[in-house]
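Participant: Each chain is listed here by its residues.
There are 4 protein chains.
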Amino acid sequence: MSPIIHSHSFRVRYGETDQMGVVYHANYLNWFEMGRTELIRSAALSYRQLEEKGVLLPLTDAVVSYKKPARYDDLLEVRTIVEEITPVRLTFAYEIYRMPDEELLVTGKTMHVFTSTSLRPIRLNRVEPELYQWLELQQQGEGAR
Amino acid sequence: MSPIIHSHSFRVRYGETDQMGVVYHANYLNWFEMGRTELIRSAALSYRQLEEKGVLLPLTDAVVSYKKPARYDDLLEVRTIVEEITPVRLTFAYEIYRMPDEELLVTGKTMHVFTSTSLRPIRLNRVEPELYQWLELQQQGEGAR
Amino acid sequence: MSPIIHSHSFRVRYGETDQMGVVYHANYLNWFEMGRTELIRSAALSYRQLEEKGVLLPLTDAVVSYKKPARYDDLLEVRTIVEEITPVRLTFAYEIYRMPDEELLVTGKTMHVFTSTSLRPIRLNRVEPELYQWLELQQQGEGAR
Amino acid sequence: MSPIIHSHSFRVRYGETDQMGVVYHANYLNWFEMGRTELIRSAALSYRQLEEKGVLLPLTDAVVSYKKPARYDDLLEVRTIVEEITPVRLTFAYEIYRMPDEELLVTGKTMHVFTSTSLRPIRLNRVEPELYQWLELQQQGEGAR
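Residue numbers (our numbering), protein chains in the order written: chain G, 2 to 146; chain B, 2 to 146; chain A, 2 to 146; chain P, 2 to 146.
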């Protein structure tokens, strides 16, 4: 019984490299964001629709561990899971792999709170109970069904 | 009688370079934006305050000409002028120099319209007459006073 | 007889928006770069391999025309053509559409020179004659075959 | 006896905001990089010169804690210290304040290894003994002199 993994593939852009000849380290946070966007898209509700309904997920913490560098035009895959979910907080964990050899390049986590558009804390289980249950299910994994 | 030049200095950041070992070309548009922000700051009204009052300046066109590359940690200066101003449109022109040798690296222009926060066109001379006059004065230059 | 169009689809990332609620204008240059990368990938030789062989394509000019704003999570398509090719210069033209309604959002061009890794001009037809011919064919279009 | 604090001020750029109306979270990593660049500039040797001598400082880990959001045009100050230094590793710690009210917005750390330009580990105390001693002094603080 482990969390459901959501995968998303993309290529490294030229502007994402730096003069070291590898990807500039800040870009991995953008890719984590793509990972969680695609995870949420799997629900009935996209993250964009979620924002339109007035629910934001600002970050409170981010952690990144760089193992091997990604390079221009590499085909990468970000794998995202819901690591922890409570009515007020959400933690995603990420792994970024180079494909097709599946070399693990970077791991990380981002911690979020649920807020209104004015950045005030809200309880997701009250505001969007269906999404909340869906996120719980992602965290508990297939075995929980 | 030439437009008043507004200068702003800054250093090239590491993440702004790419694997060619020079600044990635898209960053010059960010620096143009710094140039016009600093130009408008010289008025009584900052661009941030302008937005808070409901006036936006979305771009309609941008032109960039790359002469020589900027490199990491270069000290640069962006020089900005109001090239053209009408009640509905505004054109800024920019030159980016490497300092202190004043080597000209990049030139460009950005064309803007004045809109409300819902991106509908507005006439600046009606909504913000003082700023409009100030911008006209920047375009006409010292001799016009 | 018109140039061969190379299409590439992608989604707008959250970090590509700004506080106007739309895509920050500099990002379209990144997307143009994705467009030409994918165009060149259609040749026998990828742009990355081209760089590894010592051929760079630095920009000399860029022109962007903004018609309608792209928004977070929009599915976009960049369509790229070789507009002009000579032994020393290359011009790409781009159109960015929102999908699936095919609304045209942005058009633009980028002009490039062929250089060595030390940024000295080279003649592509001598250094990489096969790629040069392939680029000419893209410019001339299907009818030229 | 505490580490020497290196401060550097800058303004938030428009393109650094996102549609939440605040700074996009990945940008703080760029600002940390500005902080350590300015710290190293205080030494006899700039980071750029360091790279030209063949010494790189790739990241192995980054940690960011977001307390309050920064906004467009905010005047910010990044305060950087050398938290830990060994012949093979270096940890910087950062605090980002909004000025002039000195509100603490973000804290973080980045961990680095010393490598050659081919990204192989090196020992800084052998390759650049003067810089190594200077970094030790920054970590130990004024009282250590």
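Hints listed in this document are in silico derivations from the structure and should not be mistaken for laboratory results. One should not assume that every hint holds.
Pairs involving identical chains hold if they fit within one copy or between any two copies, as the list cannot separate such chains.
Derived DMTMM-like pairs: lysine to aspartate or glutamate, alpha-carbon spacing no greater than 20 Å straight-line [said to hold, decoys possible]:
(1) K69 with E84
(2) K54 with E85
(3) K69 with E131
(4) K68 with E129
(5) K69 with E129
(6) K69 with E39
(7) K54 with E84
(8) K68 with E39
(9) K54 with E103
(10) K54 with D75
(11) K68 with E137
(12) K54 with D74
Participant: The structure should be examined with respect to each hint, and the outcome stated for every one.
Facilitator: Each hint tested on the structure:
1. In this assembly of identical chains, the alpha carbons of K69 and E84 never lie at most 20 Å apart, being 23 Å within a copy and 24 Å across copies at closest.
2. In the homo-oligomer, the alpha carbons of K54 and E85 never lie at most 20 Å apart, since the shortest distance is 23 Å inside one protomer and 41 Å across protomers.
3. Taking the closest pair of Cα atoms, K69 and E131 never come within 20 Å of each other, the shortest separation being 38 Å inside a single copy and 29 Å across copies.
4. Taking CA atoms no more than 20 Å apart as the test, K68 paired with E129 passes in neither setting, with 37 Å inside one copy and 25 Å between copies.
5. Within a single copy, K69 and E129 get their C-alpha atoms no closer than 39 Å, and across copies no closer than 25 Å, so neither meets the 20 Å cut-off.
6. In this homomeric assembly, K69 and E39 never come within 20 Å of each other (Cα to Cα): the closest approach is 24 Å inside a single copy and 25 Å across copies.
7. For the homomeric pair K54 and E84, neither the shortest alpha-carbon distance inside one copy (24 Å) nor that between copies (42 Å) is at most 20 Å.
8. In the homo-oligomer, the alpha carbons of K68 and E39 never lie at most 20 Å apart, since the shortest distance is 24 Å inside one protomer and 26 Å across protomers.
9. Proximity of K54 and E103 under a CA criterion of 20 Å is satisfied in neither setting, with 37 Å inside one chain copy and 26 Å between copies.
10. With identical chains, the CA atoms of K54 and D75 are at most 20 Å apart between copies only, with a shortest distance of 17 Å across copies and 36 Å within one.
11. Taking the shortest alpha-carbon separations for K68 and E137, neither the intra-copy value of 30 Å nor the inter-copy value of 26 Å comes in at or below 20 Å.
12. Taking the shortest alpha-carbon separations for K54 and D74, only the inter-copy value of 15 Å comes in at or below 20 Å, while the best intra-copy value is 36 Å.
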